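Chemist: Protein chains in written order, with the working numbering: chain B, 1 to 316; chain W, 1 to 339; chain G, 1 to 331.
Read the hints as simulated data drawn from the structure, not as lab findings. It is possible that some hints are incorrect.
Only some residues are given here: those of chain W computed to face chain G with a beta carbon under 10 Å [to be verified]:
no.	residue
1	Glu63
2	His168
3	Gly172
4	Gln174
5	Ser203
6	Gln205
7	Ala206
8	Leu209
9	Asn210
10	Asp214
11	Ala215
12	Gln218
13	Glu234
14	Pro282
15	Lys285
16	Val317
Label pairs and their calculated CB-CB ranges [stated by the list, open to error]:
no.	chain 1	residue 1	chain 2	residue 2	range
17	G	Pro104	B	Arg219	32 to 42 Å
18	B	Gly131	G	Asn103	32 to 42 Å
19	W	Arg277	G	Arg7	46 to 56 Å
20	G	Val105	W	Leu339	44 to 54 Å
Quick caveat, the model's predicted, so the values are computed rather than measured. The beta carbon of each residue, even a glycine, is placed where N, CA and C say it ideally should be.
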Amino acid sequence: MEDISITASDQPSRLQEFRRSPIYHSFVGSKVAMVSFAVFALFVVLALLAPVIAPYDPYDLATLDIMDSEIPPAWQDGGESRFSLGTDAQGRDMWSTILYGTRISLMIGLCAVLLQAFLGIVIGLAAGYFGGAVDSLLMRIADIQLSFSTLMVAIVVLAVFQASFGAERYSELALPMLILVIGMAEWPQYARTVRAKVLAEKHKEYVDAARVMGFGPLRIMIRHILPNSLSPILVISTVQIANAIISEASLSFLGLGMPVARPSLGSLISSGFEYIFSGSWWITTIPALVLICLVLVMNLLGDWLRDVLNPKLYKG
Amino acid sequence: MTDSAETLLQVRGLRKKFSISGDFLEQLSFEGGRIRRKQEFVHAINGVSLDVQRGEALCVVGESGCGKSTVARTIMGLLKPTVGSVSFQGQRIDNLSAKQLLPWRKRMQMIFQNPHASLNPRMRVQQTLEEPVAFHNPGLSSAEVKEKVQDVMESVGIDASWAKRHPHEFSGGQRQRISIARALAVDPEFIVADEPISALDVSIQAQVLNLLMDAQEQRGLTYLFITHDLSVVEHFGTRVAVMYLGTICELADTATLFASPRHPYTRALLSAIPSLRSERPPPIKLQGEVTTPINLPTGCVFHGRCPHANARCSEQVPALIQQSDGASVACHALEEGRL
Amino acid sequence: MALLEVRNLEVQFALREGALTALHDVSFKLDRGERLGIVGESGAGKSVAAFAILNLISQPGAITAGEVLFDGQDLSKISAEELRQIRGNKISMIFQDPMMTLNPVLTIGNQMIECLRAHRKISRANAREIALLKLQQVQIPSPEKRLNAYPHELSGGMRQRVIIAIALLLDPDIIVADEPTTALDVTIQAEIMALLVSLCEFNSVGLLLITHDLGVVSQVTQRTVVMYAGRVIEQGPTREIINDAQHPYTQGLINALPQQTLPGQRLNQIRGTMPTLSAIPSGCAFNPRCDYTLAPCSLELPPFVQSGGCSVACHMVKQQLEQEQLEQAND
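Extracted from the complex, chain B is given alone in its bound form (with noise of 0.2 Å):
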């Protein structure tokens, strides 16, 4: 019998698990790790408690007054205390026009992303595990959707989607629109990960394992081979989230986006554009740089995650 080091009684909880684990000691060794991540949390808390923090609604457009338009941020020569970051050209409070703004970007991305993983996930396991023709199909599929880029794609569609049903319906349906165009167009960034990653593990023998119990390939597929393929989704993932936002950004300032009345952070960068020369440089320049935060730090997380999820760079 082999020896038994490992007693019942020091079972670590999942929580201990995790404290033990390669991803917990590099994130507490690396300065820009936490820092992201802190700022990343903020985002997401700023935008989640936007209602309650926000000063103004600045979506209710009876508190809106014109008198207020185009007032500097508070410490500039005839900035007031009541508008913290100014206001922009509709008179609205750039602080509470930003958190919404964060808050609609960030769902944007979110959202977007979660559907380029589910369809990438779905198109990349069938590939990878079924090979042959089914993935000659799927794969040449994916080459013709990223052949086009998705700014193109999007552009048009949204275009064609805006003219046909007028700009009014259109500022309704903008939101799960931009979702749909922006999750469509990238799903094949995922799909080939996933298949790659897919390829890798089939042949391991845990997998011959199962097909020897007999299990079905949906179960294969879900219970044993994609739980092995999750770190490079979720490497992807955080880069991906910030594309989103950016390409929504895109359009949004190309007037595509979301329509001003319940702006984003590019449509907000968009509106104020045509400021910038008349003096009034906070209405763009003040969301643009919390964009780039925003980004900077989804990158930096990800190239972070992309470092300690490599098991050839680990314990290197």
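Fit chains W and G to the supplied structure of chain B, relying on the hints for placement.
Modeler: Showing chains W and G alone in chain B's frame:
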């Protein structure tokens, strides 16, 4: 073999080739003004026939690339044979669909070589062992499944405290024990073991071999044991099949094979075992290089390296011919009395 | 004086959980032209010992105590440049995986010529001649052709032959071979081992063979060092160790081989597994797996005692020897 023994598994004329030319587009080439489709194959198994009797341990021995693992995987249905048949108790199983095969899955199981890859790294030991039990016995309550798993764990010497842990927390030998428990969990009659100890340390190899022998005794198991290590075969096997380049060159009772090896390849293989004894004849030196299974030689697959080969060997494929003591040998030289 | 002498070598790896000692107080000697085997299971520290000799331990590991004397020079203290002069030149290494040494994008000939010209001032033509000669020595068929071949064009056995030719290229004094034939088939393994031995004998090169295979050690080496959990536990003449091992672990290792039991019988297994470096038992590291445990085994580290030609670190052996001495004194 005595006639009373029941044949559990029957393999007839098994051949398996793999294409190594990629997909359809990659196979096309342009030659002499015409587009031609060219395919290259690895001939992993070239006509293997063998019977496994109930209760025995049939060892398949050979060097890397001889097709022994492919035989194991084809028998288990992980690969479809190109030609030939696999029957379990008289019923052909190689052409069944996954659903039809299900009842046989319970009766034949497999143990794999690499203990670091054969367990799902994300599943706890308990989950790994419970899944097959619950899957094959849908009538059992979860308490009954747990009890069954507990019994199996006990029988292979797994402590109950291992259940909540992940595979990476165990050593190679411990993981192999868990793999064996998983195979035994569905109460099989027949187990294909594909090099189950070659990745383990010497002291652990003995533990695992003992465990397999105990399980055979307690459960009346039948083994098909794939290995490259002849010293293990002598100890473990009832009969031995020696493979070279996808064909069986000699099939005999273990004692007969070790006492009087016939085939030149078997002789070379036996002489090459590193032994602890200081006084022993030097290993038989084979000429030439190991032939690849891509461009299969004509005639006897071994003739390029065989010290006794003549013209006939390079033209005609030798058949397995039964000798007076029950051993079957495929060798022209032996048949002609040149050996 | 021995050509290579390792004295009280200690190697530690500085990890976040604290320092792990991979080698404790390892000492052995290798004479010119001698063949020494280091045997142990995975985790015994045999490969670390091989790497430490050439000072190839990389971060976070380091040699923390002891010395490696080669021709009187301590390899663990000399500069990187001096070390480079010795590595490959005076002491060369053969790894388990030939592709660790061979560069896949250079031809065999180019690699050999580069290697020669890095250490010696000779023309390409001369270097080519030497390379050819070495390939002939390792009995590679049509060596002229092989010089222009890429590593992937050769079979595993051929590659390992090329590796041996490269190891012999600069006429070293010592070859350190880390599991040189483990990846090969038995028939090829026997050939390569025989070749290595005859070449070492012919050129009077010292061979340090790291392996887990007692059969190979028994066939190839003159003296053997057995390691367990980072320590040497027994060393002495190979025949003596194989035929009459003193340490219970060595005995267990030999008895566990299938050829030591009658066919069909249960094998003599050693219970338990080798401890991990972070959880080495106190006293003798083998004591939880040992059948002969005495009172001091779990408390004190056993000292080395001389038993026949072997030196053994075991309390049981020590007590037996003391008893024998007592009896002799009484007679």
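Chemist: All hints are to be evaluated individually against the structure, with a verdict given for each.
Modeler: Hints and how they fare:
Proximity of W:Glu63 to chain G holds as hinted, the smallest CB-CB distance being about 4 Å (cut-off 10 Å). Using the Cβ-Cβ criterion of 10 Å, the hint placing W:His168 at the interface with chain G is not satisfied: the shortest such distance is roughly 12 Å. About 8 Å separates the beta-carbon of W:Gly172 from the nearest beta-carbon of chain G, less than 10 Å, and the hint is met. At its closest, the beta carbon of W:Gln174 sits 7 Å from a beta carbon of chain G; the interface hint therefore holds under the 10 Å criterion.
Using the Cβ-Cβ criterion of 10 Å, the hint placing W:Ser203 at the interface with chain G is satisfied: the shortest such distance is roughly 4 Å. Taking 10 Å as the C-beta contact cut-off toward chain G, the hint placing W:Gln205 at the interface holds, the least distance being around 7 Å. The beta carbon of W:Ala206 is positioned within 10 Å of a beta carbon in chain G (closest approach about 4 Å), and the interface hint is therefore held. With a least beta-carbon distance of about 6 Å to chain G, the hint placing W:Leu209 at the interface is held under the 10 Å criterion.
A distance limit of 10 Å between C-beta atoms decides the matter here; for W:Asn210 the minimum to chain G is near 5 Å, and the interface restraint holds. Because the smallest distance between the Cβ of W:Asp214 and any Cβ of chain G comes to about 8 Å, under 10 Å, the interface hint for this residue holds. Of the supplied interface hints, the one on W:Ala215 is violated, with its beta-carbon coming no nearer than about 12 Å to a beta-carbon of chain G, more than 10 Å. Annotation: W:Gln218 was flagged as interfacial toward chain G, and the flag is violated, the nearest CB pair being 13 Å apart, outside 10 Å.
With its C-beta approaching chain G no nearer than about 6 Å, W:Glu234 sits inside the 10 Å limit, and its interface hint holds. Evaluation of the W:Pro282 hint against chain G yields a held restraint, the C-beta minimum of about 7 Å falling below 10 Å. Hint status for W:Lys285: holds, given a least beta-carbon distance of 6 Å to chain G, under 10 Å. Taking 10 Å as the C-beta cut-off, the interface hint given for W:Val317 is violated, the closest approach to chain G being about 22 Å.
Taking the beta carbon of each, G:Pro104 and B:Arg219 are about 40 Å apart, inside 32 to 42 Å as hinted. For B:Gly131 paired with G:Asn103, a C-beta distance near 33 Å keeps the hint of 32 to 42 Å intact. At roughly 34 Å, the beta-carbon separation of W:Arg277 and G:Arg7 lies outside the given 46 to 56 Å, and the hint is violated. Roughly 46 Å separates the CB atoms of G:Val105 and W:Leu339, a value that falls within the hinted 44 to 54 Å.
In terms of the numbered hints stated before, the structure departs from hints 2, 11, 12, 16 and 19, listed from lowest to highest.
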